[in-house]
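S.K.: These are the residues of each chain, in order.
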Amino acid sequence: MAQVIFLRYMPGDTLLHKMDGRLKLFCLVVLSVAVGLATGWIHFLVLLGATVTALVWAKLPLGALLRDWRFFAVIGVVILVANAVFVPGEPLLPYFPLVEVSQEGLGVGLRFAGRLLLIVMVCSAVMGTTPISVLRDALEWCLRPVPFVPAARVAMMMNLTIVFVCVIMDNYAEMVYAQKSRCVESCRNPIKRMKFLALPLLTRTLQRTEEIVYAMESRCYSETRTQPIFTAHKADWGVAGACLGVLIFVSSG
Amino acid sequence: MPVLEARNLTHVFADGTTALRDVSLKIGEGEFVILTGANGSGKTVFVRHLNGLLLPTQGVVTLDDVPITHNLVEVRRSIGLVFQDADSQIIGQTVAEDVAFGPENLRWPREAVQRVVKEALAVVGMEELSDRNPHTLSGGQKRRLTVAGVLAMKPGILIFDEPFTGLDYRGVVQILERLVRLHELGHTVVLVTHELEKALAHADRLVVFDRGRLAEDGEPTAVIEGVEKYGVRRPHKTGEELSALTWLR
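In order, the protein sequence lines correspond to chains A and B. Using our numbering, you'd call the opening residue of the first sequence number 1 and step up by one each time. Using our numbering, you'd call the opening residue of the second sequence number 1 and step up by one each time.
None of these hints come from the bench; they were simulated from the model. Beta carbons are placed, not taken as given, at the ideal position from N, Cα and C, and that holds for glycine. Keep in mind that a hint or two might mislead.
The list that follows gives simulated cross-link-like pairs (lysine-lysine, DSBU-like), each with its CA atoms no further than 35 Å apart [claimed, not checked]:
hint, chain 1, residue 1, chain 2, residue 2
1, A, Lys234, B, Lys118
2, B, Lys26, B, Lys118
3, A, Lys59, B, Lys118
4, A, Lys18, B, Lys154
Chain A regions said to be covered by chain B (calculated; three or more residues, Cβ under 8 Å) [to be verified]:
hint, stretch
5, 9-18
6, 129-138
7, 213-219
8, 222-228
Given these sequences and hints, build the entire structure.
M.R.: Right, dumping it as C-alpha cells:
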C-alpha cells in the first residue's frame, strides 16, 4: 500500500536526515513543549514558519503529507466547534438562532486545533527524516540513566507503536477500498458503517500483532542489543539551538 | 545424521483443536526437503515448532540431539524461518534497518552488523534498495527482504513457509533462484509449499502432511504419485520427468 506516508521515514540526503538522533529527539521535545506553551498568534506563526521550513528543507513530499493531515484537520475542526459551542463567554453573534458561539470558545478552540496540527507537522518532519531504529536508539540512550525505567523495553514499545500505526493505517486504507468496492457507501447509517470497518480492523490488527511477535521471536528479539554509535555535528547543534530559541521566544510570552 | 529432528510431536491449541498428531521427522544436514499438504494440514504449525516459536503439547524437537528448548536463542539463530506473510515479518522502516534487526538482537558488534546486512542484501540482490521503505517494495522484493533478514543471522538451516504465495512469475523465479543457490552453498532447506510444480525438481525429499499427521515421507518420485488423495495437486509431469518440475530454466 504505502499510500499513507504520515509517520513514515522517507530516505534522503538532507541535513535533517543526517542529524544526530538524540538531538532530533531533543528538538521534537522542545518544539512540542513550545507548541503547548504557544498562546498568541505570533507564537503560532513562528512555530508554523519553523515547521514548514523544516519540512521544505527535508524535501518531504508536502502534497502527500497534506493529504494525510486531512484526518487531523477533521479532528481539529471538531475540537474548534466543540470549544466554540461549549465554552461560555461573550457571544460572537448575539442573535444566532440555533447555538451560541462564544468568542472565548472560538479562541480556545483555534488554539487547541492549531496546536494539534502543529504537533502533527512537527512529528511528520521528525519521523519523515529519521529511521525508527535511530529514534529508538536515541530514546533508549536518553532513558538509560533514569533509574527503574526499562529503557530498552520502552524504546522498543515506541518503535512497535509507530510500526503499528503505519500497519493500521495501511489496513484501514485497504479495508475502505474493499468495502467501497462492495458498495458500503449505500449504507447510510454511519454507526453501522463504522462497525463494518472497526471490527475487521481490530481483528486484523490483533492477527498482525501476533504475527509480528512471532517474527520478532524468530529473529531472537532481545532487550540487550548492539549498541548504536551517535555522532553530533556542528550543524546538528545549530538546529537544536534554533529549536531552543523558538521555545525561549514562545515561553517568554 | 539428522541435524533437526521432531519426535512424536503433538500440538493441541487452547481451544482444543489438534493441529499436529504424533509427527516424527528427521531432516539431515544439507538436505532439501519439501513439506506439502492441503490448507490446515499442520505444515505451518509444524515449522513453527522447529524454530521454537510453538512448544509441543507432547514430543520434542532436537537440533543435533539437543532439545531446542535448551537454548532457544541459538536455535532461532541457526534455524532461519521465513514467514508466509512478508508484511508481518517486516519491522524496520528501511530495508537495511529491517535486515539488521536479527544481528542487533544477537548483540553483534556494529561493524559486524553492517557487514552481514550488506552480505545478506547482496545474496538477495537488494544492495541498491538498502535505504528504501520496505512497505513501498513489490511483493517479490518484500519476500527477498525477509530472506535477507534471516540470512543476516547466518543460519545453517532455512525454512521457507509458502514463499511463492502471491508472487508473479518473475517473483517466484527470483525467490527460487536464491533458494536453490543457498542449498548449493550448503544450507539445509525446508520448503513448505503446495505448488509442487515450481520447485520439486530441486528437492531430495517430499513430505506430505494430512490433517495434522505425517502421511508420506520419501523420495519425490515415489511420493508424488499419491499426493492428490491428500488434497495436493499432482503436477502432470512425473516420474522420469521430475527434473522438469521447476520454474527455473
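S.K.: A separate judgement is required for each hint: does it hold in the structure or not?
M.R.: Verification of the supplied hints:
1. A/Lys234 x B/Lys118: With Cα atoms ~30 Å apart, lysine 234 of chain A and lysine 118 of chain B stay inside 35 Å; holds.
2. B/Lys26 x B/Lys118: Holds: lysine 26 of chain B and lysine 118 of chain B sit about 33 Å apart, inside 35 Å.
3. A/Lys59 x B/Lys118: Holds - the C-alpha atoms of lysine 118 of chain B and lysine 59 of chain A are around 27 Å apart, at most 35 Å.
4. A/Lys18 x B/Lys154: holds, 30 Å
5. 9-18: It holds: at least three residues are needed, and the stretch 9-18 of chain A offers 3 whose Cβ sits within less than 8 Å of chain B.
6. 129-138: holds (count 3)
7. 213-219: n = 6 at 8 Å, threshold three: holds.
8. 222-228: holds (count 6)
The structure is consistent with each of the numbered hints, conforming to all of them.
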